[in-house]
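Please model the entire structure based on the sequences and the hints provided.
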Amino acid sequence: MGDQSQKFILLVLILQALCWQTSFSAQLPFILLHGVNSQCTNDRPTSYMKRLTQWSGAKGSCLEIGNGTWSSWFIPLDKQVKGMKELANGYNIVGISQGNLVGRGIVEFCEGSPPVNNLISIGAPQAGIASVPRAGGVPVITLANNILKAGIYSDYAQKRFAPSGYTKLPKNIKGYLKNCKFLPKLNNERPNDRNPNYKKRLTSLNNLVLIMHENETVVKPKESSWFGYYEDGNDKKVLQPRETKLYKEDWIGLKTLDKAGRVKFIKVGGPHVQMLDEDIKKYVIPYLQDKK
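Read in order, the letters of the sequence shown are residues -25 to -1, 1 to 267 in mature numbering (1 follows the signal peptide of the UniProt record, and there is no 0).
Derived from the structure by calculation, the hints contain no laboratory data.
None of these values were measured; they are calculated from a predicted model.
Yeah, the Cβ is synthetic: ideal placement off N, Cα and C, and Gly gets one too.
Incorrect hints may appear among the rest.
[Stated by the list, open to error] Pairwise CB distance ranges (calculated):
| # | residue 1 | residue 2 | range |
| --- | --- | --- | --- |
| 1 | T16 | E253 | 24 to 30 Å |
| 2 | P261 | K134 | 38 to 44 Å |
| 3 | K220 | E86 | 23 to 29 Å |
| 4 | T21 | S106 | 27 to 33 Å |
| 5 | S106 | R169 | 24 to 30 Å |
| 6 | R217 | P166 | 17 to 23 Å |
Written out as structure tokens, the structure is:
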């Protein structure tokens, strides 16, 4: 049996276990989705999940995206989402950086999937990034550079380099909308291809918790973690979330959720995805203890 089959079977077993726990506990389990250049066996995700479990009392599992560090960079995001359909019967999601896009993809794209209660987004490029983040390791950087030479919106890059799926160049919106494979779909940005089901599914969330880091070093602009972004054609002026067309025209239901008081715009200090324990306890833990 190949590694991919073994990993898939393990994923199904984990999700079945989560489903069993849901049936016997009023408190929903949670799934932690890691970010770029990470994997569940790394110290940071492991430590983070243990703390969340200890402080919330909820059952948690770190769900591997792809096959670890390498795949978190180079498996296109839409394939990652399609490979994560079997989920527990009701759960919360804690996403770290890129993991939030996978988590939101599960909510929006997976028809008939079990309900997500709260989506807790930490340092996410929700509205995209204006420049590609640096990766660790010379082989990764070398391959990434070769891909970028072909053009971030080239078919070659879009199929092989996950961050290309959420790179939104403010001065090339036409190329982004036409050729970027993941984020324009996730954010319902294409005027002639908007899917009302994405909005319907996202607005089924009980809470959408958006955590932005004041000293963000990876997500550019940092306001992307709140769905703010550069004005089209301008890489200097940043629109706040409620100033964007995505919000005003309610493409994915962000305005609907906000008007209902179900979007939490939270700002913390520190660099990308790093949070003090006191901030985790204040801004994350309550949404893992919430019983829908």
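Okay, the hints, checked on the actual structure:
no.	hint	in the structure
1	T16 - E253: 24 to 30 Å	27 Å, holds
2	P261 - K134: 38 to 44 Å	40 Å, holds
3	K220 - E86: 23 to 29 Å	26 Å, holds
4	T21 - S106: 27 to 33 Å	29 Å, holds
5	S106 - R169: 24 to 30 Å	27 Å, holds
6	R217 - P166: 17 to 23 Å	21 Å, holds
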